[in-house]
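Trainee: Given the coordinates of chain A, work out where chain B should sit on it, guided by the hints.
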Amino acid sequence: MLTAAYIASGIFAFPRELVAAAGPNAPYAFLLECLGALFGLWLWFRVNRIHPDGPLSFAPDLLPVWLAAPTLLATLMLHAALAIIVVSDFAFVLHSFFLIETPLFVLQACVVLVAVYVAWFDLPALARSVQFIYLLAVVISILVGLLLIPQITSLYAILPTPDISATPVLLGAYKGSYLFWGYELTVTLYPKLHPEDRAKAEKYAYRAMALTFLFFALGYALTMGVSGPELVTHSIWPGVSTMRLVNVGTFLINKLGLLLVTFWGLFVLTFVMSRLWCLAYDVSPLFRKFSVGWYRGTLLFFGVVVLWGTQAFQTPVHLIAFAQDFLVPTVLVFNFGMPPILLLAGALRQRVAIARTSP
Amino acid sequence: MRRALFAAVLVLVSALLGGCWDDRSIEHRAIVLIIGIDQGPDQQLMVHFQVPTSQALSSLSVSSTPSAGTPSAYVVSGTGRTVAEAMTQAQGKVSGDLYLGQTQAIILSSHLPAPQFASVVNFFARMGPMDKTAFVAVTPEPVAQVMQRQPQEGMLAALYLNSLFSCRRCQEVDLTRTVWAMEMRAQAPVTAIWLPLLKDKDANYQVNEVAIYQGGRPVMTLTPEQTVYFGYMINATSKAAMVFPLHGSPVSVRALSSSTSTRVLAQGGGLHLRADLKVQGIVDTLAPGEATLANLRTLQNEVSQGIAIQELALLRSMQQQGVDPVGFMAPYLWQHQELTPKAEALYRSASLEVRVHTRIIGVGDVL
Chain A
1 MLTAAYIASG IFAFPRELVA AAGPNAPYAF LLECLGALFG LWLWFRVNRI HPDGPLSFAP
61 DLLPVWLAAP TLLATLMLHA ALAIIVVSDF AFVLHSFFLI ETPLFVLQAC VVLVAVYVAW
121 FDLPALARSV QFIYLLAVVI SILVGLLLIP QITSLYAILP TPDISATPVL LGAYKGSYLF
181 WGYELTVTLY PKLHPEDRAK AEKYAYRAMA LTFLFFALGY ALTMGVSGPE LVTHSIWPGV
241 STMRLVNVGT FLINKLGLLL VTFWGLFVLT FVMSRLWCLA YDVSPLFRKF SVGWYRGTLL
301 FFGVVVLWGT QAFQTPVHLI AFAQDFLVPT VLVFNFGMPP ILLLAGALRQ RVAIARTSP
Chain B
1001 MRRALFAAVL VLVSALLGGC WDDRSIEHRA IVLIIGIDQG PDQQLMVHFQ VPTSQALSSL
1061 SVSSTPSAGT PSAYVVSGTG RTVAEAMTQA QGKVSGDLYL GQTQAIILSS HLPAPQFASV
1121 VNFFARMGPM DKTAFVAVTP EPVAQVMQRQ PQEGMLAALY LNSLFSCRRC QEVDLTRTVW
1181 AMEMRAQAPV TAIWLPLLKD KDANYQVNEV AIYQGGRPVM TLTPEQTVYF GYMINATSKA
1241 AMVFPLHGSP VSVRALSSST STRVLAQGGG LHLRADLKVQ GIVDTLAPGE ATLANLRTLQ
1301 NEVSQGIAIQ ELALLRSMQQ QGVDPVGFMA PYLWQHQELT PKAEALYRSA SLEVRVHTRI
1361 IGVGDVL
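Protein chains in written order, with the numbering used here: chain A, 1 to 359; chain B, 1001 to 1367.
Chain A extracted, bound-state conformation:
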């Protein structure tokens, strides 16, 4: 579920920013990006261990109320923003390649509605859907992606340069960091795990992330090898553009690559439904009694918020500008700034508690 909560964040845009910023250093930047995501996940797991029983958004056992309130707001805004940009991005893809006359709002509403519907029945329905959808979409992506191998003409663009340069690597990793946005959802998922399964779940999460690295590494090689660096940096959705080349004339559905892109919509769905679920649970500490009714009410409320938020983006250009100028630094600060603060707060609380109990 954790993997499904981040795999859609960059699947359409990858590896545009990475290549544009890092140039021939892009493979190293990708590696750094992956290591950064692993480190970020590790940091959140540390937080989970000191705060295993409730959502992070309102954690009076860790933070004083005056600090917990803005934390709650930041967490909610972040989750909502991520859902908004992923829904918007997918709607733009559908609008540009498939349904040019269908109003964008309709496409966005369809995604949000289906996501709300799945999340409506809470975690079991969510988990089962993810289990089915996610693996299916990954397997089909790899199989169809392999059909691109004969079309590789820019092999030189895949290979890493022997002259490593630090600035492009750092810049590429920074600008391309959106690829793994969403793993902070672990904080909301953690309390749902049986305590005895938590260590095992952490291992699975790391392994799944490692497999995601391989998935994106394959995507990088195919996109760069087939489309070449110039086209990749000029395309809004390099992966989609490259997939459009998978055209099997004799097959029933000749535009096989574009069919796959619709399958990526399943990644979007899992991303959005887990985020809506997460939003509904993150506000739960604010309610004295968090019933099913309250859960569904908040779910609907955040569905409307997400749908409303998507209206802010007129074109993919607006979306890219918002994501790169605002969201990349914000998410980075959140993922690498918040855990150390919480860990420090946890350590201080523990020390104070020990001092109080000792004679």
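If you are wondering where the hints come from, they were derived from the structure by calculation, not from laboratory data.
From a predicted model like this one, the values you see are computed outputs, not experimental measurements.
Backbone N, C-alpha and C define an ideal beta-carbon position, used for all residues, glycine too.
Don't take every hint at face value.
Simulated DEER-style distance windows between Cβ atoms [claimed, not checked]:
1. A:Phe-290 - B:Leu-1005: 40 to 46 Å
2. B:Pro-1189 - A:Ser-165: 30 to 36 Å
3. A:Ser-165 - B:Ala-1118: 29 to 35 Å
4. B:Asp-1202 - A:Ile-152: 35 to 41 Å
5. B:Asp-1042 - A:Thr-262: 55 to 61 Å
6. B:Arg-1126 - A:Leu-38: 34 to 40 Å
7. B:Ser-1252 - A:Thr-262: 51 to 57 Å
8. A:Glu-101 - B:Ser-1252: 22 to 28 Å
9. B:Phe-1006 - A:Phe-98: 46 to 52 Å
10. A:Phe-98 - B:Glu-1344: 37 to 43 Å
11. B:Glu-1141 - A:Glu-101: 35 to 41 Å
12. A:Leu-211 - B:Thr-1292: 22 to 28 Å
13. A:Phe-98 - B:Ala-1345: 40 to 46 Å
14. B:Pro-1115 - A:Phe-98: 29 to 35 Å
Covered stretches of chain A, as calculated for chain B (at least 3 residues, CB under 8 Å) [unchecked claim]:
15. 101-107
16. 156-170
17. 218-229
18. 292-301
For the chain A half of the interface with chain B, some residues (derived, Cβ under 8 Å), not all of them [what the hints assert, rightly or not]:
19. Phe-97
20. Ala-127
21. Asn-247
Mentor: Coordinates of chain B only, in the frame set by chain A:
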């Protein structure tokens, strides 16, 4: 029960929300098979859309040819400063929706000025629903005339071009170019775009030449012979026959495949461009009793030398024009992006080397 009802309502709402905005039944679509773009009056573009008739379309679906005498396709045209504007005008002349999603080929006039060529490439790059795998060719002749030609009895031009460019090893040189390849090359620095030249020969299509574009204009046209050697360089030649004298008799060698690797080496202040060609061929014509080891060795050397001389001459002529359709410079510039502004000067002043290694892999059934 309530849950099931709720689920049903949600599913229904999702389905209904999708709506029918983009829905067009096939009888309301004018399915464009070929787009032709010519120079129009007053610096405008004249864009032609070839649409098959409903009879031709139904015969396509059952893989038969439409009955002789009946037109299999019609052409609607429009003029405008951009392809989109011309398309809007053409749309007014046809009852169905001009649909580009099944376009098989795009034929461009080689007389298009550079800004118009750039605008055309840009249009196809941005046209989401259009297939990136549509074939592209250029012609020096009036495009509408080329589009309306029926190369084989009853066969649609689009089908002919589709068959011609889909079969990679059917022709002497595989000159397949797609919208995507054109778009990809248009973005790369120095790397020129090459496109197959479509000519008229006895009311048939003839495709054995290549036009090389730089900056949106055709810089040079390769002769059929040069096209064969260019094909070796880009791994596209497979059937070319070469004739060499051996002991006073002509010997024919047919190359079956070529594999070329290119390298750019920094040498002093400049660059050295090296191409290594590996050619495999079979002997087609050789007098009986002549297929000896010594003769085959001599033949291999002759073929290698012959190809190397021609390739070097071709590369030099392209270098003089400052065009690099082979793509020597792309990997080097990717690694040395700071040199991109000087790329053309570096390419023009580079030294060239061609190394050919030929292997004869067959002599037929006669020693």
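Trainee: Does each hint hold? Answer for all of them.
Mentor: Hint check:
Separation of Phe-290 of chain A from Leu-1005 of chain B is about 26 Å and departs from the stated range, judged on CB atoms against 40 to 46 Å. The hint said 30 to 36 Å for the Cβ distance between Pro-1189 of chain B and Ser-165 of chain A, and at roughly 20 Å that hint is violated. The supplied range of 29 to 35 Å is met by Ser-165 of chain A and Ala-1118 of chain B, whose beta-carbon atoms lie about 33 Å from each other. Hint check: Asp-1202 of chain B to Ile-152 of chain A, Cβ distance near 39 Å, so the stated range 35 to 41 Å holds.
Checked against the given bound of 55 to 61 Å, the beta carbons of Asp-1042 of chain B and Thr-262 of chain A, roughly 43 Å apart, lie outside it. Distance hint for Arg-1126 of chain B and Leu-38 of chain A: a CB-CB separation of about 38 Å, consistent with the stated range 34 to 40 Å. Take Ser-1252 of chain B and Thr-262 of chain A: their Cβ atoms lie about 52 Å apart, and the range 51 to 57 Å holds. At about 58 Å, the beta-carbon gap between Glu-101 of chain A and Ser-1252 of chain B misses the expected band of 22 to 28 Å.
In this structure the supplied range 46 to 52 Å is violated for Phe-1006 of chain B paired with Phe-98 of chain A, their Cβ-Cβ distance being about 29 Å. Distance hint check for Phe-98 of chain A and Glu-1344 of chain B: the Cβ-Cβ separation is about 40 Å, which falls inside the suggested range of 37 to 43 Å. A hinted range of 35 to 41 Å for the beta carbons of Glu-1141 of chain B and Glu-101 of chain A is consistent with their spacing of about 36 Å. For the hinted restraint 22 to 28 Å between Leu-211 of chain A and Thr-1292 of chain B, the CB-CB distance of approximately 59 Å leaves it violated.
Look at Phe-98 of chain A against Ala-1345 of chain B: about 45 Å separates their beta carbons, and that is inside 40 to 46 Å. Distance hint check: the CB atoms of Pro-1115 of chain B and Phe-98 of chain A are about 31 Å apart, consistent with the given range 29 to 35 Å. Look at the region 101-107 of chain A against chain B: 4 of its residues bring a Cβ nearer than 8 Å to a Cβ of that chain, three or more, so the hint holds. Coverage of the region 156-170 of chain A by chain B holds in this model, with 4 residues showing a Cβ closer than 8 Å to a Cβ of that chain against a need of three.
Chain B is given as covering the region 218-229 of chain A, and this holds because 3 residues of the stretch bring a CB closer than 8 Å to a CB of that chain, at least three being needed. Requiring three or more residues with a Cβ within less than 8 Å of a Cβ of chain B, the coverage given for the region 292-301 of chain A is violated, as only 0 such residues are present. Interface restraint check: Phe-97 of chain A against chain B, minimum CB-CB distance 5 Å, threshold 8 Å, status holds. Using the Cβ-Cβ criterion of 8 Å, the hint placing Ala-127 of chain A at the interface with chain B is not satisfied: the shortest such distance is roughly 18 Å.
For Asn-247 of chain A, the interface hint holds, the least distance from its beta-carbon to any beta-carbon of chain B being 4 Å, beneath 8 Å.
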